[in-house]
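Line by line, the protein sequences give chains A and B. Letter 28 of the first sequence, counting from 1, is numbered 28 in my numbering, and no numbers are missing. To convert, take the position in the second sequence, counting from 1, and add 1000; that gives my numbering.
Any given hint could be a false lead.
Derived contacts from chain B toward chain A, CB cut-off under 10 Å, selection only [unchecked claim]: (1) GLU1007; (2) ALA1008; (3) ARG1090; (4) VAL1148; (5) ASP1159; (6) ALA1160.
Read the hints as simulated data drawn from the structure, not as lab findings. Built from N, CA and C at the ideal position, the CB exists for glycine as well.
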Amino acid sequence: MAELDDIIHQPLRLRIMAALTALPDAQGLEFSRLKKLTGATDGNLGAHIETLAKAGYVAVDKAFVGKKPQTTVTATAAGRGAFARHVATLQEIIAGAARKS
Amino acid sequence: MSIESREAAAALSDIEDIVRRVRQSRIYQLASLLLIMWGALTFTGYLVTWFSPRHAVYAWPAVYVVGIAGSAAISVSNRMRSGIRTFDIRMFAALLLFIAFGIFCCWLGHFGPRQLSTFWPIYFMLIYTIAGLWVGHAFVAIGLSIIVLTLAGYFFIGDAFDLWMAFVNGGGLMLGGLWMRRS
């Protein structure tokens, strides 16, 4: 059986990746919208995005819209692949338990 | 790393919940743009009807033509950005059938100007409310609020009915769109 991805498995990071991979390729979410969708606080979300970015699972784009800074987070191809494998492993675990019982 | 099936099921359920929220958020984003545009157009239509009733006969067809063209433009722009088609030929046909049935009802009922100004918002908001049962409760709340306020205007507001409708229908749609954008 494939291993679960330690980086993605943390609950908030799982939610971040689920939200980003639900979008079409190359489309990202603004920090504020991601915060609302995941129910995270600013600091918590920022720290977990940094962990995902270090792993190469998300790309962070900081830009100014008018005078307001805007941070957009996008899932990378590596992140999408890792998330798909993680979900497949979760499904395998459930299927395996169902076979045993 | 190994976990139990119960934990795996909880993680998958969490993922499903977030995916559902993202989809709903994208629907709300698109719908909010459409609501704000239709709100501004109907606000203008009712104001023209209130200030210059003889021009209403030109104003309302213009509202519908600009509204349908604007809806198609917003949909095309959304499709180019997200790759998701939200307005196609079947939806256009459905809209035409919906409007045709509305016109038939007005003809059958021999509606006067006041009845027409009441019927169309209620008719549109009824479909909007029904769609909301599937796509999101914000649609139901906005639809029902406008229906109730429209009926209140029909029964209790006298000569200022078109002015009332400019704010209830036009303003209501715009406020609803802004609210949806924030939700």
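**Request:** Provide an ascending list of the numbers of those earlier hints which the structure does not satisfy.
**Result:** Checked against the structure, the hints that fail are numbers 3, 4, 5 and 6, while the rest are satisfied.
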